[in-house]
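J.: Sequential numbering of the sequence shown, starting at 1, is according to this note's numbering.
Some hints could be false.
[Unchecked claim] If you anchor each label on the Cβ, the simulated ranges turn out as follows:
| # | residue 1 | residue 2 | range |
| --- | --- | --- | --- |
| 1 | Q156 | I106 | 40 to 48 Å |
| 2 | K53 | Y130 | 26 to 34 Å |
| 3 | D39 | S83 | 35 to 43 Å |
| 4 | R134 | D39 | 13 to 21 Å |
| 5 | S28 | P61 | 14 to 22 Å |
The set of hints was computed from the structure by calculation and includes no laboratory data. Predicted model only: the values in this text are computed from it and were never measured. The beta-carbon is built from N, C-alpha and C at its ideal position, and this holds for glycine as well.
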Amino acid sequence: MKTFNLEEAAPHLSDMAAFTLLTGLRKSNVTGLKWKNVDLVKRHAFVPASQSKTNKAIPVPLSTEAIAIIRKQIGKHIEFVFSYQGKAIKQCATAAWYKALKRAEIEDFHWHDLRHTWASWHVQNGTSLYELQRLGGWSSYGTVQRYAHLNSQQLQEAAERVSGTKLVHVVKNAGLGD
Numbered sequence: 001m002k003t004f005n006l007e008e009a010a011p012h013l014s015d016m017a018a019f020t021l022l023t024g025l026r027k028s029n030v031t032g033l034k035w036k037n038v039d040l041v042k043r044h045a046f047v048p049a050s051q052s053k054t055n056k057a058i059p060v061p062l063s064t065e066a067i068a069i070i071r072k073q074i075g076k077h078i079e080f081v082f083s084y085q086g087k088a089i090k091q092c093a094t095a096a097w098y099k100a101l102k103r104a105e106i107e108d109f110h111w112h113d114l115r116h117t118w119a120s121w122h123v124q125n126g127t128s129l130y131e132l133q134r135l136g137g138w139s140s141y142g143t144v145q146r147y148a149h150l151n152s153q154q155l156q157e158a159a160e161r162v163s164g165t166k167l168v169h170v171v172k173n174a175g176l177g178d
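From just these sequences and the hints, can you work out the full model?
T.: What follows is the structure, given as structure tokens:
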């Protein structure tokens with residue numbers, strides 16, 4: 001498996017990619033994130049209903065790392081959190097982004113794959129699908145399942161959770177053992 005060091009990308013893209021991996025926000029929500037929608041004291045941001053796919057506002061709790069990325073952006077643009085050379089960013093998947101992917105020898109990778117990675121990392125680290133659904137702003141459980149992927153080791157660990165269970169007792173109490 002190839003790995004992509006975010007430092008390979010231009011600093012503004014690196015920060016936006018890291019923020020996406022920490023929050024799971026869609027590309028348009030990252031580029032459209034405004035200072036008025038960020039509260040560093042309460043440690044959250046929100047995506048207005050007008051900018052969400054479900055037409056519902058999405059609360060976004062911010063981790064310590066996400067807050068650090070936002071703090072680096074202070075003073076760069078008056079309205080938007082992420083900017084490049086003093087201008088709002090309209091597009092993340094730029095030539096600079098694709099050059100960084102090429103240097104890392106990564107093919108067929110899209111910005112939205114960061115959202116899938118975020119969801120998978122959450123589930124792999126114990127976040128419930130219900131919590132993930134709320135964090136990701138998804139309206140349906142089926143969508144959450146399309147995003148969150150477990151690796152084989154996690155599935156093996158899940159299978160082991162019932163090892164040592166008193167199976168004879170369970171079978172007997174279920175009326176299957178007589």
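J.: Determine for every hint whether it applies to the structure shown.
T.: Consistency of the hints with the structure:
1. Q156 - I106: 40 to 48 Å: violated, 27 Å
2. K53 - Y130: 26 to 34 Å: violated, 19 Å
3. D39 - S83: 35 to 43 Å: Once the Cβ atoms are compared, 20 Å apart, the range 35 to 43 Å for S83 and D39 is violated.
4. R134 - D39: 13 to 21 Å: holds, 18 Å
5. S28 - P61: 14 to 22 Å: Since S28 and P61 have Cβ atoms about 20 Å apart, the given range 14 to 22 Å holds.
In this structure, the hints that do not hold are numbers 1, 2, 3, in rising order.
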